[in-house]
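Undergrad: The primary structure of each chain is shown beneath.
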Amino acid sequence: MLTRRHLFATSTALALAPSVRAFAGPELAPAAGPLLVCVFLRGGMDSLGIVAPVDDRDYVADRPPELRLLADGDKPALRLEGTPAGHDFRLHPEMGGLRELYQDKRVALVHASGLANGTRSHFGAQELIERGIANPDEASQVTGGWMARWLAATGAAQTPAFAAVPGLPEELADHADTICAADLRGGMNVPGGKQAVAVFKHLYVGSSAFEQAARRTLHGIVLIDGRLREPDGKVVAYRPGGGAAYDDTEIGRGLQSVARVIRMDLGIRAFAVDMGGWDTHENQPPRLANLAGQLARALGAFHGDLHDRLDRIVLVVMSEFGRRLRSNKSNGTDHGHAGLTIVSAPHIAGGVMHGSWPGLSSARLDNAVDLALTTDIRSILAELMAGPLGTPAAPAAVFPHLEPKKVGLI
Amino acid sequence: MTFEVDPRTALNKLAFGPGTTERHDIAKTGLEGWLMQQLRPPTDDDCAARIAEAHLRLKYTSKTPEAEVDEERPVGVIAEPIDQHWKTVEKNTPGQERTFLRTAVAAATLIRAVHSRWQLREVLVDFWHNHFNVNALGDNLVAVALPAYDRDVIRRHALGNFRAMLEAVASSAAMQIYLNNRSSRGGAANENYARELFELHTLGRPAYLNALYNKWRKVPGALDGHPQGYIDQDVYEAARAFTGWTIEDGAGIGAGRRLPMTGRFTYVETWHDNYQKRVLASEFDPYQSPLADGRRVLDLVADHPATARFVCDKLCRRLVSDTPDPAMVSAAVKVWTEERRKPDQIARTVEAIVRSDSFGRSAGAKVKRPIELYASFARAAGIDITPTPGLLGELDASGQRLFGWGPPTGHPDENDYWLSSNMMRRRWSLLLGLADDAWKAGAPRIVPAIAEKSTPEEAVGAAHRQLLGVEPPAKITLAIVEGMGLKRGLPFDTRKDALPLARRLLAYCAMTPAFQTR
Chain A
1 MLTRRHLFAT STALALAPSV RAFAGPELAP AAGPLLVCVF LRGGMDSLGI
51 VAPVDDRDYV ADRPPELRLL ADGDKPALRL EGTPAGHDFR LHPEMGGLRE
101 LYQDKRVALV HASGLANGTR SHFGAQELIE RGIANPDEAS QVTGGWMARW
151 LAATGAAQTP AFAAVPGLPE ELADHADTIC AADLRGGMNV PGGKQAVAVF
201 KHLYVGSSAF EQAARRTLHG IVLIDGRLRE PDGKVVAYRP GGGAAYDDTE
251 IGRGLQSVAR VIRMDLGIRA FAVDMGGWDT HENQPPRLAN LAGQLARALG
301 AFHGDLHDRL DRIVLVVMSE FGRRLRSNKS NGTDHGHAGL TIVSAPHIAG
351 GVMHGSWPGL SSARLDNAVD LALTTDIRSI LAELMAGPLG TPAAPAAVFP
401 HLEPKKVGLI
Chain B
1 MTFEVDPRTA LNKLAFGPGT TERHDIAKTG LEGWLMQQLR PPTDDDCAAR
51 IAEAHLRLKY TSKTPEAEVD EERPVGVIAE PIDQHWKTVE KNTPGQERTF
101 LRTAVAAATL IRAVHSRWQL REVLVDFWHN HFNVNALGDN LVAVALPAYD
151 RDVIRRHALG NFRAMLEAVA SSAAMQIYLN NRSSRGGAAN ENYARELFEL
201 HTLGRPAYLN ALYNKWRKVP GALDGHPQGY IDQDVYEAAR AFTGWTIEDG
251 AGIGAGRRLP MTGRFTYVET WHDNYQKRVL ASEFDPYQSP LADGRRVLDL
301 VADHPATARF VCDKLCRRLV SDTPDPAMVS AAVKVWTEER RKPDQIARTV
351 EAIVRSDSFG RSAGAKVKRP IELYASFARA AGIDITPTPG LLGELDASGQ
401 RLFGWGPPTG HPDENDYWLS SNMMRRRWSL LLGLADDAWK AGAPRIVPAI
451 AEKSTPEEAV GAAHRQLLGV EPPAKITLAI VEGMGLKRGL PFDTRKDALP
501 LARRLLAYCA MTPAFQTR
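Residue numbers (this note's numbering), protein chains in the order written: chain A, 1 to 410; chain B, 1 to 518.
There could be a bad hint or two in this list.
Per the computed footprint, the stretches of chain A lying under chain B, defined by three or more beta-carbons under 8 Å from a beta-carbon of chain B, are [to be verified]:
{"id": "1", "stretch": "117 to 130"}
{"id": "2", "stretch": "261 to 269"}
Under 7 Å between C-beta atoms, here's a sample of chain A residues computed to sit facing chain B [what the hints assert, rightly or not]:
{"id": "3", "residue": "Cys180"}
{"id": "4", "residue": "Asp183"}
{"id": "5", "residue": "Gln195"}
{"id": "6", "residue": "Val199"}
{"id": "7", "residue": "Asp232"}
Once the Cα atoms are required to be at most 27 Å apart in a straight line, the calculated DSS-like pairs of lysine-lysine come out as [as the list claims (entries may be wrong)]:
{"id": "8", "chain 1": "B", "residue 1": "Lys475", "chain 2": "B", "residue 2": "Lys487"}
{"id": "9", "chain 1": "A", "residue 1": "Lys234", "chain 2": "A", "residue 2": "Lys75"}
{"id": "10", "chain 1": "A", "residue 1": "Lys406", "chain 2": "A", "residue 2": "Lys105"}
{"id": "11", "chain 1": "B", "residue 1": "Lys59", "chain 2": "A", "residue 2": "Lys194"}
{"id": "12", "chain 1": "A", "residue 1": "Lys75", "chain 2": "A", "residue 2": "Lys105"}
{"id": "13", "chain 1": "A", "residue 1": "Lys201", "chain 2": "B", "residue 2": "Lys342"}
{"id": "14", "chain 1": "A", "residue 1": "Lys201", "chain 2": "B", "residue 2": "Lys487"}
{"id": "15", "chain 1": "B", "residue 1": "Lys496", "chain 2": "B", "residue 2": "Lys440"}
{"id": "16", "chain 1": "B", "residue 1": "Lys87", "chain 2": "B", "residue 2": "Lys59"}
{"id": "17", "chain 1": "B", "residue 1": "Lys475", "chain 2": "B", "residue 2": "Lys453"}
{"id": "18", "chain 1": "A", "residue 1": "Lys234", "chain 2": "A", "residue 2": "Lys194"}
{"id": "19", "chain 1": "B", "residue 1": "Lys314", "chain 2": "B", "residue 2": "Lys342"}
{"id": "20", "chain 1": "B", "residue 1": "Lys475", "chain 2": "A", "residue 2": "Lys329"}
{"id": "21", "chain 1": "B", "residue 1": "Lys91", "chain 2": "A", "residue 2": "Lys329"}
{"id": "22", "chain 1": "B", "residue 1": "Lys59", "chain 2": "B", "residue 2": "Lys342"}
{"id": "23", "chain 1": "A", "residue 1": "Lys194", "chain 2": "B", "residue 2": "Lys496"}
{"id": "24", "chain 1": "A", "residue 1": "Lys194", "chain 2": "B", "residue 2": "Lys314"}
{"id": "25", "chain 1": "B", "residue 1": "Lys63", "chain 2": "B", "residue 2": "Lys91"}
{"id": "26", "chain 1": "B", "residue 1": "Lys453", "chain 2": "B", "residue 2": "Lys496"}
{"id": "27", "chain 1": "B", "residue 1": "Lys440", "chain 2": "B", "residue 2": "Lys487"}
{"id": "28", "chain 1": "A", "residue 1": "Lys105", "chain 2": "A", "residue 2": "Lys405"}
{"id": "29", "chain 1": "B", "residue 1": "Lys440", "chain 2": "B", "residue 2": "Lys453"}
{"id": "30", "chain 1": "A", "residue 1": "Lys194", "chain 2": "B", "residue 2": "Lys91"}
{"id": "31", "chain 1": "B", "residue 1": "Lys314", "chain 2": "B", "residue 2": "Lys334"}
{"id": "32", "chain 1": "B", "residue 1": "Lys28", "chain 2": "B", "residue 2": "Lys63"}
{"id": "33", "chain 1": "A", "residue 1": "Lys234", "chain 2": "A", "residue 2": "Lys201"}
{"id": "34", "chain 1": "B", "residue 1": "Lys59", "chain 2": "B", "residue 2": "Lys91"}
{"id": "35", "chain 1": "A", "residue 1": "Lys201", "chain 2": "B", "residue 2": "Lys334"}
{"id": "36", "chain 1": "B", "residue 1": "Lys453", "chain 2": "A", "residue 2": "Lys194"}
If you are wondering where the hints come from, they were derived from the structure by calculation, not from laboratory data. No residue lacks a Cβ here, since even glycine has one placed at the ideal position from N, Cα and C.
The task is simple: from the sequences and hints, build the whole structure.
TA: Following this line, the structure appears as structure tokens:
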């Protein structure tokens, strides 16, 4: 049936790019609810080098000064309020931007959190977290990535998601439509222009995975590229809001692309961003300082840019695992267990480090070597779904194996 | 048993697509003869002359004008030994001298992918470079070590014996740098190499049982000396076994003395953790002879049944399909295990995969990765490759960064990954650029012949036959002819723009699902 809405949709698509009409899906409603942005720190962030109790005896004993946060020196770590009593918890000195968000109560931290599984494999741990399961055998009972399931649970199974990464990320595995573009600064055109679009319209009509992907790509381009350009076709440089400026780093480009797509109001609700380089087995101190600074500055820019929309944005930063308490002789740290989850959302108990702190004495460590896990990351995600994301029915559908424990964010 | 499958299917999987040489060879010796030759190629490099002739521009500025470089540097420098390349590590040598070596190996790789007669070796070299991934873009010291790694480790053993290859990898400068073993010291060893040795190079993630067991003796089979898998305790112990394995990188060894600066493998006894160890339920006595601990670990992991399953499954997924027939994998595992002491263990295993029943039924199962797309197009359309920075840059941007993938997994080998909207756009732009010779890296020889066809549909037919060996389905001809705004039956060859149109429609024929998959 030809409804008014359908007519409107078609005419909008036509106005955008007449030749690509065939690929325009139904026009999306303006974003129906809050948005979810997931930042994945690939390689295993050394959470004990990012947030740690600097006066803890075991912490001091088990790591040389250059591999731990310090309360004094030229660059003392930044003091955090709202942390477990009895210790001086501090944040990496390069993360001033993150501390501001924490002090503004926009950001909460959950330490000793992560994957409830003993794997220390990057790829095993990433896959389980991204699939939203704790054990490989659960994979037979749920499909796809946890973000894809959240979208399905909120009735947005057919709505595009956006990933600021080159290849399809696992969090969105099996989602029907994910637009991938690591960097929008060059636009997102169809190579070959209108002629190519006219050819593709009849070339890609079959049901093979390749043809479906080709059609999705064209559809994604219709959605996004037209909104990146001046009428003469030139790509408009992005002007972030609030005077914010993004660094030209992987995470800076990624969050800038996400912010830009959020400002397009396309009805996209799920966004995935990656930041690599956290696997610091060797020469960790300068590398971690660099990564911490890049992450904090990008998060600061993102919040400054979208200052007028923060009441609808939920952002979560995660990594596959934390790293070993004791360092190795390469001035680095090896794979560990529990890590740190950073949450930014409206109306949460921000400015607080949630979760119970297990301590760092040998008896308290997981397998006597790694920070023990006290919060399953899925409990954090479930609480965000129930609270600021406004989808209280979603957790049971997204994490059918989980009995969520109260984290205290809401 | 003779090898009877559609030659095009075989060449799409065991070669970078059909080329002129294969057509001749197969006409002469049949597919069976071709396969037997491919499994036992001569050791010399049939592209050595082409590589020696190739040049890439190297340009950098310096504070002192006499140190500035702007020249066409021969790609052939990659044939030099590692100690020659290691001279670029000296202080004040610009980083471009080091990164050039990665670019040059990538250029030589493309030349061989397109022109080498020993296509199966090239396909397996690509497989092993991903299996034993190193990242020369992340650390330019890896780039310095890359020519030797490519030549003496990956190429030398690509069809050879896995245990021999494993030790060549373990003692290579590239892997020593990339997974940090060169800085590992007894007392608190660096676990990076040992962990990936188990997880990615040998037993594989399915055999990592750490979520189930946290004591070695609990692993099923451990008390009989045959543990089913490995746990973190095995990783810790193996890391200790490899302490002292390092390279001559100038590191201090005490009393003000330093290792030489050659990049060659060496062993530093004083860095080795000499006490007893237990790996995969096998006891290592203390104070073994130099290198013995590490070699014993390599023996144990190479011989483990999980390694046979993991590597054979990966080979089947690379060569055949994302979901290989279990019978095919089993056939490969059997040969891999039985022939594991043979110098051509890998060739024999590949032969078992190729001769299994389902091999011939797997046409089109894999989406071509960008290098495969590039090389198969170049081979089918007749491009005589001149590697240029433009071409190499486009391929990097395509998502398949040769010797530049960050994590030690190597590039993903699942169709879905290569079908994201970003990757799809890159596939289109790569083919349009190749057809137009946008990067001055060699024009398709077939274009003038396409432009000489008298109608657009005949031109599409010629392009399609050239790329795919068959007439195009009517729908495809129609999509391309009408999409390009041409009219069927109207003159084509007499148009002024016949050449640019011919390039375009050649690119569109390569964008069909049939050409994009193998």
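Undergrad: The structure should be examined with respect to each hint, and the outcome stated for every one.
TA: Evaluated hints:
1. With a cut-off of 8 Å between beta carbons, the stretch 117 to 130 of chain A has 8 residues touching chain B; three or more are needed, and the interface restraint holds.
2. Taking a C-beta to C-beta cut-off of 8 Å, the stretch 261 to 269 of chain A contributes 0 residues in contact with chain B, too few for the three needed, and the coverage statement is violated.
3. Taking 7 Å as the C-beta contact cut-off toward chain B, the hint placing Cys180/A at the interface holds, the least distance being around 4 Å.
4. Interface hint status for Asp183/A: violated, as the beta-carbon distance to the closest one in chain B is roughly 9 Å, over 7 Å.
5. Proximity of Gln195/A to chain B holds as hinted, the smallest CB-CB distance being about 6 Å (cut-off 7 Å).
6. The closest approach between the C-beta of Val199/A and any C-beta of chain B is roughly 3 Å, which is under the 7 Å cut-off, so the hint is satisfied.
7. With a least beta-carbon distance of about 21 Å to chain B, the hint placing Asp232/A at the interface is violated under the 7 Å criterion.
8. As the CA atoms of Lys475/B and Lys487/B are separated by approximately 14 Å, the hinted pair is consistent with the 27 Å bound.
9. For the given pair, Lys234/A sits about 45 Å from Lys75/A by alpha-carbon distance, which is inconsistent with the 27 Å threshold.
10. At roughly 19 Å between alpha-carbon atoms, Lys406/A and Lys105/A fall within 27 Å of each other, so this suggested pair holds.
11. Note on Lys59/B and Lys194/A: the hinted pairing is violated, with a Cα-Cα distance of about 38 Å set against a maximum of 27 Å.
12. Distance restraint check for Lys75/A and Lys105/A: the Cα-Cα separation of roughly 24 Å lies within the 27 Å cut-off, and the hinted pair is therefore satisfied.
13. Of the pairs offered as hints, the one joining Lys201/A and Lys342/B is violated, with about 53 Å between alpha carbons and a cut-off of 27 Å exceeded.
14. Distance check on the hinted pair: Lys201/A and Lys487/B sit about 17 Å apart at the alpha-carbon level, within 27 Å; holds.
15. For the hint linking Lys496/B to Lys440/B, the alpha-carbon distance of about 23 Å falls within 27 Å, and the restraint holds.
16. For the proposed pair Lys87/B and Lys59/B, the alpha carbon gap of about 18 Å is at most 27 Å, so the pair holds.
17. Straight-line distance between C-alpha atoms of Lys475/B and Lys453/B comes to about 19 Å, which keeps the hinted pair within the 27 Å bound.
18. Distance check on the hinted pair: Lys234/A and Lys194/A sit about 15 Å apart at the alpha-carbon level, within 27 Å; holds.
19. Of the supplied pair hints, the one linking Lys314/B and Lys342/B holds, its CA atoms being roughly 20 Å apart against a limit of 27 Å.
20. Between the alpha carbons of Lys475/B and Lys329/A the distance comes to roughly 64 Å, so the proposed pair goes past 27 Å and is violated.
21. Distance check on the hinted pair: Lys91/B and Lys329/A sit about 25 Å apart at the alpha-carbon level, within 27 Å; holds.
22. Of the pairs offered as hints, the one joining Lys59/B and Lys342/B is violated, with about 47 Å between alpha carbons and a cut-off of 27 Å exceeded.
23. A C-alpha spacing of about 21 Å is found between Lys194/A and Lys496/B, which places the hinted pair at or below 27 Å, so the restraint holds.
24. This hinted pair does not check out: Lys194/A and Lys314/B have alpha carbons roughly 40 Å apart, beyond 27 Å.
25. For the proposed pair Lys63/B and Lys91/B, the alpha carbon gap of about 14 Å is at most 27 Å, so the pair holds.
26. For the given pair, Lys453/B sits about 13 Å from Lys496/B by alpha-carbon distance, which is consistent with the 27 Å threshold.
27. For the suggested pair Lys440/B and Lys487/B, the alpha carbons sit about 31 Å apart, so the restraint of at most 27 Å is broken.
28. The hinted pair formed by Lys105/A and Lys405/A meets the criterion: a straight-line CA distance of about 22 Å does not exceed 27 Å.
29. At most 27 Å may separate the alpha-carbon atoms for a hinted pair to count; Lys440/B and Lys453/B meet this at roughly 25 Å.
30. At roughly 52 Å between alpha-carbon atoms, Lys194/A and Lys91/B are farther apart than 27 Å, so this suggested pair is violated.
31. Among the hinted pairs, Lys314/B with Lys334/B is consistent with the structure: their alpha-carbon atoms are about 15 Å apart, no more than 27 Å.
32. Taking the CA atoms of Lys28/B and Lys63/B, the gap is about 60 Å. The hint is violated against a cut of 27 Å.
33. For a cut-off of 27 Å, the pair hint linking Lys234/A to Lys201/A stands: about 24 Å separates their Cα positions.
34. For a cut-off of 27 Å, the pair hint linking Lys59/B to Lys91/B stands: about 18 Å separates their Cα positions.
35. Restraint check for Lys201/A and Lys334/B: the C-alpha separation of about 48 Å exceeds 27 Å, so the hint is violated.
36. The suggested pairing of Lys453/B with Lys194/A holds, with an alpha-carbon distance near 25 Å, which does not exceed 27 Å.
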